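We have chain A already, so just place chains B, C and D on it with the hints.
Chains as they are written, first to last, in this note's numbering: chain A, 1 to 354; chain B, 1 to 354; chain C, 1 to 354; chain D, 1 to 354.
In short, the hints are calculated from the structure, not lab data.
Each statement offered as a hint is correct.
Computed footprint of chain A on chain B, listed as stretches where at least three residues anywhere in the stretch have a Cβ under 8 Å from a Cβ of chain A:
1) 75 to 84
2) 99 to 113
3) 124 to 133
Quantities reported herein were computed from a predicted structural model and do not represent experimental measurements.
Each residue gets a CB set at the ideal place from its N, CA and C atoms; glycine is no exception.
Residue-level listing of the chains:
4 protein chains.
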Amino acid sequence: MLSFASDYTEGAHPQVLRRLVETNMEQLPGYCTDHYCISAMEKIRAACQCPEADVYLLTGGTQTNAIVIDTMLDSCEGVVCAATGHVNIHEAGAIEHSGHKVLPLPEHQGKLDAEELRGWLADFYQDENHEHMVFPGMVYLSHPTEYGTLYTREELAQISSVCADYRIPLYIDGARLGYGLASRETDLTLPDIAGLCDAFYIGGTKVGALCGEAVVFPRMNAPARFMTKIKQRGALLAKGRLLGVQFDALFTDNLYLEISKNAIEMAELMKKGLRERNYPFHLESPTNQQFVVLENRQMERLKEMVDFSFWEKAGPGHTVVRFAASWATTREQVEALMKALDQTSTQFGETCQG
Amino acid sequence: MLSFASDYTEGAHPQVLRRLVETNMEQLPGYCTDHYCISAMEKIRAACQCPEADVYLLTGGTQTNAIVIDTMLDSCEGVVCAATGHVNIHEAGAIEHSGHKVLPLPEHQGKLDAEELRGWLADFYQDENHEHMVFPGMVYLSHPTEYGTLYTREELAQISSVCADYRIPLYIDGARLGYGLASRETDLTLPDIAGLCDAFYIGGTKVGALCGEAVVFPRMNAPARFMTKIKQRGALLAKGRLLGVQFDALFTDNLYLEISKNAIEMAELMKKGLRERNYPFHLESPTNQQFVVLENRQMERLKEMVDFSFWEKAGPGHTVVRFAASWATTREQVEALMKALDQTSTQFGETCQG
Amino acid sequence: MLSFASDYTEGAHPQVLRRLVETNMEQLPGYCTDHYCISAMEKIRAACQCPEADVYLLTGGTQTNAIVIDTMLDSCEGVVCAATGHVNIHEAGAIEHSGHKVLPLPEHQGKLDAEELRGWLADFYQDENHEHMVFPGMVYLSHPTEYGTLYTREELAQISSVCADYRIPLYIDGARLGYGLASRETDLTLPDIAGLCDAFYIGGTKVGALCGEAVVFPRMNAPARFMTKIKQRGALLAKGRLLGVQFDALFTDNLYLEISKNAIEMAELMKKGLRERNYPFHLESPTNQQFVVLENRQMERLKEMVDFSFWEKAGPGHTVVRFAASWATTREQVEALMKALDQTSTQFGETCQG
Amino acid sequence: MLSFASDYTEGAHPQVLRRLVETNMEQLPGYCTDHYCISAMEKIRAACQCPEADVYLLTGGTQTNAIVIDTMLDSCEGVVCAATGHVNIHEAGAIEHSGHKVLPLPEHQGKLDAEELRGWLADFYQDENHEHMVFPGMVYLSHPTEYGTLYTREELAQISSVCADYRIPLYIDGARLGYGLASRETDLTLPDIAGLCDAFYIGGTKVGALCGEAVVFPRMNAPARFMTKIKQRGALLAKGRLLGVQFDALFTDNLYLEISKNAIEMAELMKKGLRERNYPFHLESPTNQQFVVLENRQMERLKEMVDFSFWEKAGPGHTVVRFAASWATTREQVEALMKALDQTSTQFGETCQG
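Excised from the complex, chain A in its bound form:
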């Protein structure tokens, strides 16, 4: 069945898979010490224009968030994020499992606001009881956000500046970072991000890899003995090559950005088709995820033809759904989606536009 359910429905990008096949029978040392891992780290440093960055390769996003946050926070500190942040809602309490509170602030299309953040931090320290409360120890944001939205360079710089004023690190969840960097509506580059935050990860799983996320500490600021801490948290792959070969391929000949562009183009095509059909958008997303309001009866019929994601209820009789494009999405698939929408919309002579 046609699927726009997520950006992790396929395996690896063919070029990534090819390199796994080509290198398969080489005998390599374990635990991310092999030359593919080292080469991948070097290429990531170059792409970030951070020659001294510490780079580590982990397996998945929740794992990466939990480990980075736990090892950068002191035990009495929590992590500040938008209320819709992945760490607050959809990681099954991984952050709390590591002992830290998630401190949610209001979200604006998935984004944090720098001035609200500054105000909240000021209020915290002015509260006479704050020594009986969880200290804000880090700011977490996702780019793109869970709603596909993006921070501008200026917005990120402002948040970074608030963090600097309060001496707390800024960490960016880049599970879909490629799609953010490839968006036509962004002015943020990878070196910008590396310059403005204290830690971030470059998502592989959703952008061409079978698995894998590359954590970057731009200024040699990885937590002490980070490798042992990764091991202790069950996240150190014996065959680290699986991650090294993939990221080495993704950061060769700009592959990571190039394949991300396809997702953006297909999302633009999807948007155009949805607009032409007058489907209301839940919000304006400049990346690979599109959030549209469907009438519930159409949604039910569409489910039989296409996989997509339930997002949230949208008032009586309507639902927000998500269609996600990826590096693998084809023009034909987008056209088939439009056809399916048309078929389900008119099948019983109804209109779907709320």
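Showing chains B, C and D alone in chain A's frame:
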């Protein structure tokens, strides 16, 4: 200086202290196995009309909340509470430190609403992604709440019924339980509470003891090996007698309720005086804590004469403050407070009433 | 360079890799719900003769041990193992990180002794202070052990019986299970193991996969909400297919056992060669890992030609080293190892045999 | 019944209790900010000759060990101790509950040996796999040890020097510190201890207080935000005065040392009596705990007349038992113990001397 800062500003009620002195040189076994602990537990069972209850004696409120919640929850479960719940705000993240998320719902003068709770639980299980989220594993409420408000018998029964429907335990933080039971505006008794919840504690620290909270599991439903778990969490007193003797005294001749009544009477007196002077109340509290709005300049002047608690800002130029009465508060102290209010109010010819 | 450093130096077995390539562009749902995962689980159930087993796919061994042990233990319980157990020494404290003590017993060539275990458990419960101690909540053993040794069916049955008497689960770390099952000197089958223990895992990483361990709870006895707990611990792969396709391939046409046999044959060849050259064995291993004592000067020379593992010091001037064979080891590689041993042994006219 | 079961069988020393009574009705702020706490801290600094020490007051020994160790260790570090260390055996896994492994070394009458410690640390860092292992992050010792034995100044200086060489803190559990300082056979003073270690606690519970342990960080080296971390771990008393008043009394007019001397004198008397009766000692203890071997039948008879502690089996038919003296033990009680020994020994014409 005159203090209405809290209900823990004095030591122990004289009768409690007297028993500590009288029993001091008896040689007793440790770890809450002595005959005073056993007697205290028996008297608490009787007061709760729960002859089979498991009763344990702990030292403080945050400790008690953290241990009860952690040991009753499964690792992937969190605790639902009102957003203003003590466990959510003022325990320095003790619950998250034990690995569990606090799941805040809207508060209504510090209280949870049964129907909102039911709706939230229904939504949770209908969310297709709920297996990637923290499961609600317990409902926590405080009685009196952090705002001094009380649940009616009917309100508590409704919440208890929601919990039963979802098969999650109901736990009541009774740090100030005595003051709730002694209020003139309550219809909830100790046996009611024991009948409607799965665990609760009877606060000693704020109601006549030097330290100590008595946890009650009304239906022999203490977590397995609870004593060892208390020890493992650093909360098992070697000289458990310190807790046993105090609770034995507090539950002899109805002392716990009798001394609580004094706090209520003094709070009523305070309320009357404040009303006569037209100070606006932040909310209507039927227990020992009163929340009043002061004009900031008066507040500053009053600080020099009386200790009280900053609560929160109340719009431009005004602040919510708390005056707390306790078993030890005297009529003379309340009168002195009124006099101090009058002096600070009129000192510069200003009126304080917002 | 020639490597006998470990059994994870290559990528995936070619047949496993082929299936990853063939299925790469299928659109599949995430989180181990795709049909390859389901097929793999079904085949594993069949191989274990446990039609009702709960099967879960995880990424690595330390991760698997930490999650299974933490979720099966109560918070005041620890895990009993041989002092040389992987969980006690080489997992960077992953078990303690999850809050549980590792309770080491004496090891006998890496193995636990059933009678010693029984005696230790009896002593624990007879100790009058045991409520102030960590309760034994599980027995952990590895098969093959960290020393390549194996339990007989009778030995495992005895340990299983002790566990049953004390009502604590028996868990088997099968990181190298294939090599244990394929050994010529074992009478233990996969169904035997499934019948005698409460949880175990079938190691993929060291036996033909790029990554992946299959956890089996033979009697539908997985911990409640195990999937959410996996997610919470950062171990739920978005592209679960990576694990599903690999285990589906490994359990098709008996591939897992067939490729394990190669490791055993090559280890036998290695053993024969070492014996002919009179190298002393540290112990008698019937599986793919061989532990030999080398004179230190020879060891240093050999390091320049072959990768192998330092194991431990063996008295003055000598060292125990490990040579590991795997599914990928060839006859030519073993012959090259022997040649390298001969060259380093005679290069300066020395004899290496201690 | 006569009890030599422990040094926590009575309540508080009368002078300590008197101060609690005298100060009971003062209104004081909470959380160890009152003037008694501040005075107690100042007196402890003076007694330690550490004017800049950070001093904190906690409730019990296991709590203190768990909090100090957890907050001083990095997450991948464990604590090194003698195998008989309290943290390794009798704290129900409190250290592991906080995420850290206990790393036991051989014990010598309850003591660590500096050279063994140095050798073990050297071996750890030479092990090529040590990045996959728990790092030693602190050395823990108890003084007096669990066996009542004492470190000499020279022995402690040597251990301190090893710790300095490896840059890991030295922490001393002083649950019975008073009895160690008051021993006739020690050359270690409180200022010596403060100078040689990085953290230690002065035990109150077993030396005259109802509860309470005073943690000292001699060089202003308390972990950041230690008060919030205490709160987060459920160990911050609302009525901190309970601890402050007690320690203020104990460190007024040298009371802590003076009352400790009584325990030593009574233990000496006990020792003399036991020697005269030819009871074999399990080891030579210069402090308040005496370990003696009893023939099992005598032990059973003695149990009916005296409370004492089972320690461990001592070969066929014999048991090591502990008799503990305290600040409260009287000459009459020791004489009664001797009489009870004589009566049980000769009752049936048997001799008890193994």
